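From first to last, the protein sequence lines are chains X and Y.
Sequence positions in the first sequence follow this note's numbering and run 1 to 114.
Sequence positions in the second sequence follow this note's numbering and run 1 to 124.
Just so you know, these hints were derived from the structure itself, not from any lab.
None of the values given here were measured: they were computed from a predicted structure.
Beta carbons are placed, not taken as given, at the ideal position from N, Cα and C, and that holds for glycine.
Treat each hint with caution, since some may be false.
Said to hold, decoys possible - Sample of chain Y residues lacking proximity to chain X, with all beta carbon distances greater than 10 Å (derived): (1) Arg5; (2) Ile31; (3) Lys67; (4) Ile85; (5) Leu88; (6) Gly95.
Stated by the list, open to error - Not the full set, but computed from the structure, chain X residues with beta-carbon under 8 Å of chain Y: (7) Ala27; (8) Trp47; (9) Phe51; (10) Ile58; (11) Leu75; (12) Val78; (13) Ala85; (14) Thr86; (15) Phe90; (16) Gly107.
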Amino acid sequence: MVNSVTNLGRSGVYDWMVQRVSAYVLALYTLFLLGFMLTTDVNYESWSALFGQTWFRIFSLMTLISLGAHAWVGLWTVTTDYIKATALRFLVQAACGAVMFVYVVWGIKILWGL
Amino acid sequence: MNKQRPVNLDLSKFHFPLPAITSILHRISGIIIFVGVAFLLCGLDMSLSGEEGFNQVSELLDGFLAKLIIWGILSALLYHLVAGIKHLIMDMGIGETLPGGRLAAKITLVVSIVLIVLAGVWIW
């Protein structure tokens with residue numbers, strides 16, 4: 001078995017699991033939000049009321065963390081496939097990781113208005 | 001090494017099978033979404049900052065360029081979603097054969113093209 005220090009779960013099977021579990025969360029959130037936009041008259045009241053609900057803030061944060069994990073596994077796969085130079089690949093992966101971290105923290109700030 | 005083996009390095013003669021095209025599109029759409037999330041979070045931040053911010057986003061989304069960007073992100077998202085659901089179905093052991101994979105690739109493309117066109121109609 002080949003292990004890589006830069007993949008999320010140290011093993012392909014674990015990464016596969018992370019990818020699937022996060023995929024279900026992301027798909028449910030996407031379908032829910034699209035459904036909301038299609039069935040509700042979206043204005044400031046309905047929009048802020050939705051994001052004011054605690055359960056929806058938790059759902060949104062869960063989605064954002066899933067996005068981070070999902071994107072890490074996906075971008076790790078893509079970068080290891082196409083960027084053969086180790087230093088450059090590491091830099092690109094580090095940049096992707098930094099962006100994901102910013103997304104999660106920014107998302108917490110938006111959702112909970114810290 | 002066998003010197004008689006056939007060599008064909010004429011790249012114009014190679015062509016990707018449909019499942020390979022859907023796979024590479026899945027990767028490209030994933031990268032587009034990853035970049036697009038920055039725009040979406042920016043819009044979410046503005047829209048939840050107050051009624052004024054919400055109206056600003058609303059006005060912004062009336063512009064042609066903004067509509068085009070949103071349609072692009074939504075297209076990538078819809079394609080990635082459809083191709084992802086195909087993967088989840090295949091995980092259950094459905095369509096794992098070569099003809100099954102080819103059919104699934106066709107279905108993925110057709111369904112996502114229909115959804116992308118509908119999304120375009122919805123936005124404009």
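Status of the hints after comparison with the structure:
no., hint, in the structure
1, Arg5, "holds (26 Å)"
2, Ile31, "violated (7 Å)"
3, Lys67, "holds (15 Å)"
4, Ile85, "violated (7 Å)"
5, Leu88, "violated (7 Å)"
6, Gly95, "holds (17 Å)"
7, Ala27, "holds (6 Å)"
8, Trp47, "holds (6 Å)"
9, Phe51, "holds (6 Å)"
10, Ile58, "violated (16 Å)"
11, Leu75, "holds (7 Å)"
12, Val78, "holds (5 Å)"
13, Ala85, "violated (19 Å)"
14, Thr86, "violated (21 Å)"
15, Phe90, "violated (18 Å)"
16, Gly107, "holds (6 Å)"
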